[in-house]
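Trainee: Protein chains in written order, with this note's numbering: chain A, 640 to 787; chain B, 3 to 363.
It is possible that some hints are incorrect.
Below 25 angstroms or equal to it, Euclidean Cα-Cα: the simulated SDA-like pairs (lysine to any residue) are [to be verified]:
id : chain 1 : residue 1 : chain 2 : residue 2
1  : A       : Lys777    : B       : Ala219
2  : A       : Lys731    : B       : Ala273
3  : A       : Lys699    : B       : Gln149
Computed footprint of chain B on chain A; a stretch qualifies when at least three of its residues, placed anywhere within it, have a C-beta under 8 angstroms from a C-beta of chain B [as the list claims (entries may be wrong)]:
id : stretch
4  : 685–692
5  : 710–724
Partial selection, computed: residues in chain A whose CB lies under 8 angstroms from chain B [as the list claims (entries may be wrong)]:
id : residue
6  : Asp650
7  : Leu651
8  : Ala676
9  : Arg679
10 : Leu778
11 : Lys779
Derived by calculation from the structure, the hints in this document are not laboratory data.
None of the values given here were measured: they were computed from a predicted structure.
From the three backbone atoms N, C-alpha and C, an ideal C-beta is built for every residue, glycine too.
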Amino acid sequence: MIFHACDIPEDLYYDIERDVWIRFDGDVATLGMTDVAQTRCGKFAAISFRDVGKNIAQGKTLTTIESAKWVGPFPAPFSCEIIETNEAGFGKDILLANKDPYGVGWLVKVKPTNLENEKGGLSTGNEAVERYKERIKKLKINCLRCID
Amino acid sequence: MSKKIRLLYMEGVSPLRSQTVYHAVGYAMKADTPNTIIMVSPNGPYVCIGYHQDIQKEVDLDYCTQHNLPVYRREVGGGAVFLDNGQLFTQWIFHKEDLPASLEERFKLYIDPLVATYQELGINAILRPINDIHVNGKKIGGTGAAQMGIAEILVGSLMYTFDKKTMSQVLKVPSEKMRDKIFESLEAYMTTMSEQLGSAPDRAMVKDLYMKKVAEAMGAEVYDGEWTAEEEAMAQEIDARFTSDEWLYQKGQLHQQGVKIHADVHIVEAAFKAQGGLIRIIARLREGRIDDVTISGDFTLLPVFALGALEQSLRGSAATPETLKSKIEEAYYRLGIQSPGVTPADFTTAIMNAVTPPQAA
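Let's have the full structure, built from the sequences with the hints guiding it.
Mentor: Structural data, given as structure tokens:
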């Protein structure tokens, strides 16, 4: 679904308040910034990852992102252990998430450590699309991508 | 939003505290914490680097040690800057729901009272979107934004004075020529209240004026508030982190092109090995054009006066390979330039390497 130029793939899970998308694959979850989040952030200038193996509590910082005008955290949608980061990808092209937020612009892969108790805030499918549309309207945002 | 904004006025705190106060209020913020503005000025000089900078690549640490200048890493982005008592920092720590979602609108909200303050003082300040304040084409302070905990932060300053010479000294640069160019550019493209008004205005008057302009812009009451014990405890925790080598010397990944003077002006440099010798370029770019360029190296170029004339001919040119090559070829023809083993295409490549650095393989 595209709404106000913002892509909202229906097959992903979302923590909408934190603007995080989640792709579950067995006991591993791949996480990234949504189209809305990368648009609000602007072009990445730098990103710092935390160490693989680190346990992160829900809401705490998984990576810190610096764009041209802002610095802020990419928060964990649920408590988890970091098992892989996309540091190598961003090392080659810092704009990965601005170009392809749901593909090569993924940020970290994690193993959830308390998902049963913390998945209440996640949504997917039509429910996620409808909730995100409301958020996009509230934020008055139109998404933009980098093309080179 | 709450119609009351707490003001914490902290003139003359330590250099470290002038940075850690807003981090502390941000990280200590809870749902019932009032939106807060800190007006703070340090009691001594220091250097402050951006979140993702590499201190060893960006700062002349020998100079800082020799001149007793501490260096602190902030959790706000951007570049290294020399700071002292000549700036009154204006730090906003707000709940995110009380600020616009878009960064452009957020910066406008933050900058408007600064601009209004300058204007009432008789300074022709304007917002230069997205986040600069300009006076007749010169920058009068920069701004930045960050998220810390649940707080959204906006930082900037009211510039009484700015020590441009020391600013140019604290940066680690590849050559003294580059340093000279930075100083010259700061002189040309930065300004202060003292320069604009002939002397620095009374600080208490400026504080009251700024509070009034914030109240008008926000439709809110701004009251002199108190620093809480919890914020002090958080500040002590952050003081310790900011003075640790682990924090200060962490490897930064921020790669910037040259030195930014303001939104439209950058100093860039590069070298290119031509067959006839090394060409070194230091250029000032303004809005995509060559504002100024210095060419040096170990090549031979005759007649001897022609190098200066070549530099002069490039000023104002669009920084594109086609335009530069055309201008250089025209100068070669007009001045009868001879440069064994160095061609107009080589000079073009050298300048373009500065304008758009070649990607590492």
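Trainee: If a hint holds in the structure, say so; if it doesn't, say that too.
Mentor: Hint by hint, here is what the structure shows:
1. Lys777/A x Ala219/B: holds (22 angstroms)
2. Lys731/A x Ala273/B: Holds, because 23 angstroms separates the two Cα atoms, which is no more than 25 angstroms.
3. Lys699/A x Gln149/B: Given pair Lys699/A, Gln149/B holds - Cα atoms ~12 angstroms apart, limit 25 angstroms.
4. 685–692: The restraint on the stretch 685–692 of chain A holds, since 3 of its residues have a Cβ under 8 angstroms from chain B and three suffice.
5. 710–724: holds (count 3)
6. Asp650: violated (27 angstroms)
7. Leu651: Violated, about 22 angstroms.
8. Ala676: violated (11 angstroms)
9. Arg679: Cβ of Arg679/A sits 7 angstroms from chain B, so the hint holds.
10. Leu778: holds (4 angstroms)
11. Lys779: Lys779/A check passes; min Cβ-Cβ to chain B is 7 angstroms, inside 8 angstroms.
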